[in-house]
Amino acid sequence: MIKKNDNKMHFWQRNSHTVLIFAFLAVLMIIVSLFSDSFFTERNLKNLVLSAFPLLMVALGQTLVLLTGGIDLSLGAIVSLTNVSCVTLMNTESSVGWIPALAAAVLIGVLCGGLNGLIISKGRLAPIIVTLATTTIFEGIALFVMSSPGGRVHSGFRQFFIRGINGYFPLIVSIVVVLLVRMISNQSAYGRHLRSLGGNETAAYSTGIKVDRVKLIAYILAAVLAALAGIYLTARMNSGDATVGKNYSMNAITSSVVGGTAMTGAIGDPLGTVAGVFIVTIINNMLNLLGASSFYQFIYQGGILIAALSLSALRRQK
Amino acid sequence: MKRILVFVLMLSLALSLAGMASAEEGYKVALVNYSVGNSWRAQMVAEFEAEAKRLQAEGVISEYFVTNSNDDIAKEISDVEDMITKGVDAIVITAASPTALAPVVEDATAAGIKVVSFDNVVETDQQVATVGIDEKEFGKICADFLVEALGGKGKIVVLNGIAGTATDALRWQGAEEVFANHPEIEILGTANADWDYAKGKAAMESMLSAYPQIDGVWSQGGAMTQGAIDAFIAAGRPLVPMSGEGNNGMIRAWVENRDKGFSSIAPSNPTYTSAEALRVAIKALNGEEVPSNVVMDMEVVTPENVDQYYKPDMPDSYWVLTQLDDEVLADLYK
Numbered sequence: 106m107i108k109k110n111d112n113k114m115h116f117w118q119r120n121s122h123t124v125l126i127f128a129f130l131a132v133l134m135i136i137v138s139l140f141s142d143s144f145f146t147e148r149n150l151k152n153l154v155l156s157a158f159p160l161l162m163v164a165l166g167q168t169l170v171l172l173t174g175g176i177d178l179s180l181g182a183i184v185s186l187t188n189v190s191c192v193t194l195m196n197t198e199s200s201v202g203w204i205p206a207l208a209a210a211v212l213i214g215v216l217c218g219g220l221n222g223l224i225i226s227k228g229r230l231a232p233i234i235v236t237l238a239t240t241t242i243f244e245g246i247a248l249f250v251m252s253s254p255g256g257r258v259h260s261g262f263r264q265f266f267i268r269g270i271n272g273y274f275p276l277i278v279s280i281v282v283v284l285l286v287r288m289i290s291n292q293s294a295y296g297r298h299l300r301s302l303g304g305n306e307t308a309a310y311s312t313g314i315k316v317d318r319v320k321l322i323a324y325i326l327a328a329v330l331a332a333l334a335g336i337y338l339t340a341r342m343n344s345g346d347a348t349v350g351k352n353y354s355m356n357a358i359t360s361s362v363v364g365g366t367a368m369t370g371a372i373g374d375p376l377g378t379v380a381g382v383f384i385v386t387i388i389n390n391m392l393n394l395l396g397a398s399s400f401y402q403f404i405y406q407g408g409i410l411i412a413a414l415s416l417s418a419l420r421r422q423k
Numbered sequence: 003m004k005r006i007l008v009f010v011l012m013l014s015l016a017l018s019l020a021g022m023a024s025a026e027e028g029y030k031v032a033l034v035n036y037s038v039g040n041s042w043r044a045q046m047v048a049e050f051e052a053e054a055k056r057l058q059a060e061g062v063i064s065e066y067f068v069t070n071s072n073d074d075i076a077k078e079i080s081d082v083e084d085m086i087t088k089g090v091d092a093i094v095i096t097a098a099s100p101t102a103l104a105p106v107v108e109d110a111t112a113a114g115i116k117v118v119s120f121d122n123v124v125e126t127d128q129q130v131a132t133v134g135i136d137e138k139e140f141g142k143i144c145a146d147f148l149v150e151a152l153g154g155k156g157k158i159v160v161l162n163g164i165a166g167t168a169t170d171a172l173r174w175q176g177a178e179e180v181f182a183n184h185p186e187i188e189i190l191g192t193a194n195a196d197w198d199y200a201k202g203k204a205a206m207e208s209m210l211s212a213y214p215q216i217d218g219v220w221s222q223g224g225a226m227t228q229g230a231i232d233a234f235i236a237a238g239r240p241l242v243p244m245s246g247e248g249n250n251g252m253i254r255a256w257v258e259n260r261d262k263g264f265s266s267i268a269p270s271n272p273t274y275t276s277a278e279a280l281r282v283a284i285k286a287l288n289g290e291e292v293p294s295n296v297v298m299d300m301e302v303v304t305p306e307n308v309d310q311y312y313k314p315d316m317p318d319s320y321w322v323l324t325q326l327d328d329e330v331l332a333d334l335y336k
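Same order as they appear, the protein sequences are chains D and L.
The first sequence begins at 106 in this note's numbering and counts up by one.
The second sequence begins at 3 in this note's numbering and counts up by one.
Simulated from the structure, these hints should not be mistaken for laboratory data.
Hints may contain errors.
Distance condition first, Cα-Cα at most 20 Å in a straight line; then the derived EDC-like pairs of lysine to aspartate or glutamate [unchecked claim]:
{"#": "1", "chain 1": "L", "residue 1": "K30", "chain 2": "D", "residue 2": "D142"}
{"#": "2", "chain 1": "D", "residue 1": "K151", "chain 2": "L", "residue 2": "D109"}
{"#": "3", "chain 1": "D", "residue 1": "K351", "chain 2": "L", "residue 2": "D109"}
{"#": "4", "chain 1": "L", "residue 1": "K88", "chain 2": "D", "residue 2": "E147"}
Derived Cβ-Cβ restraints for the label pairs, each shown as a range [what the hints assert, rightly or not]:
{"#": "5", "chain 1": "L", "residue 1": "P305", "chain 2": "D", "residue 2": "F403", "range": "54 to 60 Å"}
{"#": "6", "chain 1": "D", "residue 1": "P205", "chain 2": "L", "residue 2": "D146", "range": "48 to 54 Å"}
{"#": "7", "chain 1": "L", "residue 1": "G263", "chain 2": "D", "residue 2": "L248", "range": "38 to 44 Å"}
We treat Cβ as the ideally placed atom computed from N, Cα and C, and that holds for glycine.
Between the sequences and the hints, there should be enough to build the whole structure, so can you do that?
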């Protein structure tokens, strides 16, 4: 699908799905606002960003891995592990007590992603199996580090992460990370390697791309993004919990695919993933605001997701 | 063309939702729940809804909402935020994590919402109250029963719940204090069977082969007691007094085996804790004084009243300590 003359393609051809999925998101938001006065309030929009942040980080990471034609089921477990590590290592007495904790969380992310990437690339094993196995390892370590939820979080760190810059800090970080990830995947040489790997690994190898290294870096980047989610949840929950991340792996795959990333690799845009994340998040938000019965919520959620997914299916039929 | 169809599909989904919104006089209240994964939790939600409908008919509340986060901590935090956005007057909450929900509950309180937590309570003092039974009392009632049934003398084994949970520790603490005063009650062995039928049965099987004489079983969960009864029957050993809990399956085993030497007692964490939490929240909204820790009266199934509680036509998963009427129950367990 990705040709060398990619750049010469018209804007619409290159971005048709991303534009469509944002249109879908916009329609969804307009419909909700028609029925709920509270939707387009500053408070609710800020809440949406706060709710979406961890999923956004994990989904961007998942998108990078999906582009290589791989998958990472362990990202949720990495969220949990970095969350409990961050809380455990935090010194609440010292004013800079949060710095080592954050550094450690990022380092743990690098190590987890590195482990995934090494086993997958050097071992030539299926990513879905490898990351399923490492999920239980990471979850196990997380439970070992903190067997029951709790811990104390540095209050200055917490205040700044959630409420800093008039409460816009999470939004600013989101924008920076999205732009960075998009630069990596769409504008860098590494991004081209990533996609050619997902398109045809053998062909990529024979054109001289260091396949193993490209894969390794993709899994490390994804894990570091998951670590960011873990750090953020530390601030948001003001505590650690070894089970907090378990739903993120699947939701991240859903968001990426809704946003137009192909499970088969090569095709996808982090911007589409952003829309996917907000569609998933807004569905929850709107069902709560509209007062849908909790038993029907998951049915509606599934229905709307299928509608969003059929957009990508239709594109492929063309 | 097909894309237009997709949009139409979505529009109709959203329109069908819109019918649910309405506004009248009275308080807006919400139940923020983290799971409907077992019968206790499903019945607990039904108890809340029944009480909310009753209060709605009286004009006390105008609307009620129920959220469920499917064991997802982050979604439950967002659920609370959505309820703050909706401008509810009160939230009753059972939390997926006692600590992780604390910040958002504090936000709700700061926004003027009366928050009451129950079942799995939130660890913060910035809420109106926590509501629940005295778990130590639960353990004590079970131990008192066993001491009396055995005449203050005998060899017993212990089935505990999930190690590390507060409920498990408190129930056993209550029992231990009783047994400390009765030195002639000998505790042969203790197992953590996680309130689970299969684990309770397996634990009892190994204890039965290890100890030739067991005079009684102190169990802190109905499903474990059911497992223990089945293990005794399978081993061909005569049944002995065992403490239990108020789920219909355990009560059924009790009633069916009471002429074979079995006797029991069943205190419970009733499913109507959610309704009680709602009543406490309404009290707070009406400006009444509410204690910060509301301890509910313990309703206990005893050998004398067990026939009033037992419902032969209901499934094992039904919880007998309920305020729901038969019609709602039949609908819930259909």
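A quick look at each hint next to the structure:
no., hint, in the structure
1, L:K30 with D:D142, "16 Å, holds"
2, D:K151 with L:D109, "14 Å, holds"
3, D:K351 with L:D109, "25 Å, violated"
4, L:K88 with D:E147, "13 Å, holds"
5, L:P305 with D:F403: 54 to 60 Å, "43 Å, violated"
6, D:P205 with L:D146: 48 to 54 Å, "52 Å, holds"
7, L:G263 with D:L248: 38 to 44 Å, "42 Å, holds"
Violated hints for the displayed structure, listed by number in ascending order: 3, 5.
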